[in-house]
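Colleague: Could you build all of it, start to finish, from the sequences and the hints given here?
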Amino acid sequence: MSGRPSRAGIIGAIVLKDLREFSRDRLWILLTPLALVWVIVVFWLLPSSVDETIRVGLHPAPMGHLFQTLAGGEGEEALQVVPFEAEDRLEAAVAGELELDEEVTIGIAFPDDFVAQVQAGKPTKVTVYVEAEVPAEIRRAVSSGIRELAYGLQAAMALKNPVTALPVKLPEAETIVVGEDRAGAQVPFREKLRPMLAIIMLMMEAIALAGLVAVEIERRTFTALLVTPARTSDVLAAKGITGALLGLVQVVVLLAATRSFGSQWWLVLLLVVVGAAMASAVGMIAGSSGKDFMSTLFGSIIFAVPLIIPAFSTLFPGSVSTWVKWMPTYGLVTAMVDVMSYGRGFAAIAWHVGTAVAWVVVLFAAAWLILKRRVEAL
Amino acid sequence: MTKPVIEVSHLSYAYRGDQLAVDDISFEVNGGEILGFLGPNGAGKSTTIKMLTGQLTPRAGEARILGLDVTQDSTAVQARIGVCFEEKNLYLNMTAVENLQFYARLFGIKRPPVDELLGRVGLSDRSGDRVERFSKGMRQRLMMARALVNQPDVLFLDEPTDGLDPVSSQAVRRIIEAEAERGAAVLLTTHDMHEADELSHRVAFINEGKLHALDTPDRLKLEHGKRSVKVRLRQGEEVVEQTVELDAPEAGEKLKAAVGSDGLMTIHTEEASLEAIFIQMTGRGLQG
Chain P
0 MSGRPSRAGI
10 IGAIVLKDLR
20 EFSRDRLWIL
30 LTPLALVWVI
40 VVFWLLPSSV
50 DETIRVGLHP
60 APMGHLFQTL
70 AGGEGEEALQ
80 VVPFEAEDRL
90 EAAVAGELEL
100 DEEVTIGIAF
110 PDDFVAQVQA
120 GKPTKVTVYV
130 EAEVPAEIRR
140 AVSSGIRELA
150 YGLQAAMALK
160 NPVTALPVKL
170 PEAETIVVGE
180 DRAGAQVPFR
190 EKLRPMLAII
200 MLMMEAIALA
210 GLVAVEIERR
220 TFTALLVTPA
230 RTSDVLAAKG
240 ITGALLGLVQ
250 VVVLLAATRS
260 FGSQWWLVLL
270 LVVVGAAMAS
280 AVGMIAGSSG
290 KDFMSTLFGS
300 IIFAVPLIIP
310 AFSTLFPGSV
320 STWVKWMPTY
330 GLVTAMVDVM
340 SYGRGFAAIA
350 WHVGTAVAWV
360 VVLFAAAWLI
370 LKRRVEAL
Chain D
6 MTKPVIEVSH
16 LSYAYRGDQL
26 AVDDISFEVN
36 GGEILGFLGP
46 NGAGKSTTIK
56 MLTGQLTPRA
66 GEARILGLDV
76 TQDSTAVQAR
86 IGVCFEEKNL
96 YLNMTAVENL
106 QFYARLFGIK
116 RPPVDELLGR
126 VGLSDRSGDR
136 VERFSKGMRQ
146 RLMMARALVN
156 QPDVLFLDEP
166 TDGLDPVSSQ
176 AVRRIIEAEA
186 ERGAAVLLTT
196 HDMHEADELS
206 HRVAFINEGK
216 LHALDTPDRL
226 KLEHGKRSVK
236 VRLRQGEEVV
246 EQTVELDAPE
256 AGEKLKAAVG
266 SDGLMTIHTE
276 EASLEAIFIQ
286 MTGRGLQG
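Listed in order, the protein sequences are those of chains P and D.
So the first sequence is numbered by the numbering used here: it starts at 0 and just counts up by one.
So the second sequence is numbered by the numbering used here: it starts at 6 and just counts up by one.
Check each hint, because a few of them may be wrong.
Here are the simulated lysine-lysine pairs, BS3-like style, with alpha carbons at most 30 angstroms apart [as the list claims (entries may be wrong)]:
(1) D:Lys141 - P:Lys290
(2) D:Lys93 - D:Lys215
(3) P:Lys371 - D:Lys93
(4) D:Lys235 - D:Lys261
(5) P:Lys371 - D:Lys115
(6) D:Lys235 - P:Lys371
(7) P:Lys324 - P:Lys191
Here are the computed distance ranges between Cβ atoms for each label pair [unchecked claim]:
(8) D:Gln77 - P:Trp325: 37 to 47 angstroms
(9) D:Ser140 - P:Val356: 41 to 51 angstroms
(10) P:Val356 - D:Pro171: 58 to 68 angstroms
(11) P:Ser22 - D:Arg187: 55 to 65 angstroms
(12) D:Arg116 - P:Ala357: 38 to 48 angstroms
(13) P:Met293 - D:Gly168: 19 to 29 angstroms
(14) D:His217 - P:Leu26: 49 to 59 angstroms
(15) P:Phe292 - D:Asp134: 17 to 27 angstroms
(16) P:Trp43 - D:Arg135: 37 to 47 angstroms
(17) D:Asp134 - P:Trp325: 45 to 55 angstroms
Derived from the structure by calculation, the hints contain no laboratory data.
Using N, Cα and C, we set each Cβ at its ideal position, and we do this for glycine too.
Modeller: Below, the structure is given as structure tokens:
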């Protein structure tokens, strides 16, 4: 009566069964498209460009021209001077109490006799207004700029009167941007958000898969599979394929809807496949570890949420903690950012892809061990 | 002489430490034979079945099914067995047909006789319904149909009629008998001594992992029951009860007299039930 069941035939049968079961789970069928639509809508609502201009309010108004000349010259897009006739209006503007077209984050109020006092070498006082969120480094930079302005005025006087010339020869300065200069072409916030959205969708799918595995163990249908020619490794492979397929489809839809594929679509697709496989392994570990459905759901959140952390590091540039670099998703996220945001090629991401694939292998091995032990204990 | 289908030799298993759940048991089951495995909860019945179906690796001993080692050739063994679990482990959000088709695919069967199987268990009219809408009895019958999907040479049935109504129980028993008539070897575990008595060609008593007895129900009853009959006679207004020892020299005379008496009310044999024999041998009841 029995034919000769091939491994592929057994795995295929379990995958089809899992997809059928998943399609009949009302909760996930409702949540999955809802989450997808919500994420896509949020993406398109976010600003598509980066405002790199810092607006500095100046009082009295004539100081504006002088400040701009010394700070970098006319037409410098990064710095925009907004003149104010009255100091109290300047303070109110920085405090956000005035209705202005553009936000003023820093205000500098010079005394009316500032130039005369500096040139006479007499003490004077300048007031700097800053928003509470302005970092201390920027506040110090503004103070330095004001001192530089005073030195500049002194130097201008010295040129008119060489007897009092300063005994300093100012060095020439050259700025070298290491790597790609992205001044004026910063990556918008929503572009940086793409890897995080993809990872969130994958981890959601990991949680769904964990539920599927947990139910199979809890209802002992797993045991019924293992007295047929199906082996634990077949069930593991089938669940891996099911989870990866579900994750892959959703993330591909998400990335297509957010126009994230670009010219290097095959690289993006490769990363999504690796990510989907990783999410699938995580889902299986979580699903095999829980005692029942609820503990599995809680456990899968504990497993999945930390894996989103590396994606946050792309939103807040700076040095990433060493432990974040050891997270399984770090290489994947870094590679996604490199390809999607900076258009880098395979050579630039090969190392990250390699580490992500290695993590997938490790996670699947762990899932197999945990699942086997769990099933034997049933 | 035909080789036994199931051969178990000095099989042992321990879940943890040295506490043996199954302790050096040996038995054989022939094709077409139903062996009733009787024992209370935790006696080692399910552990034995788990080893024979490839779910657990024995700690010691050997088990062969159809000549194949259950540890070395587990996949080949599993292709030729059918298992009906005590738990109703079906896919609830799939229909009866989908459940059977799925399991058939795992055995490499492309066109399983789903309609015929559902007909045998009386579920033809519910074939398209999801299992979540089935009663306990219907689920149990579907479990039975699932165990038969690959037309197995060996059937392992763990409490197949547990919790069923009398009609469903009877239907399942008839299927078990039909499978044995077809030639399948059946290992049946049950708490129900009447079921074991009715169905089994032989019964095995298992307790605390050890096999205490293995024989036909009749021989066990003869060996362990009393060879006597109880006679009740009406004598005037009184009812008199007499026990006639069958091995006694005057047994024939006494029985003749009782049968010929006008006041004979009843004659009962003093044959022991399987449960009584089990208690006598193990000091423990089957429901424990």
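Colleague: Hint compliance check: list the failing hint numbers for this structure, sorted ascending.
Modeller: 6, 11
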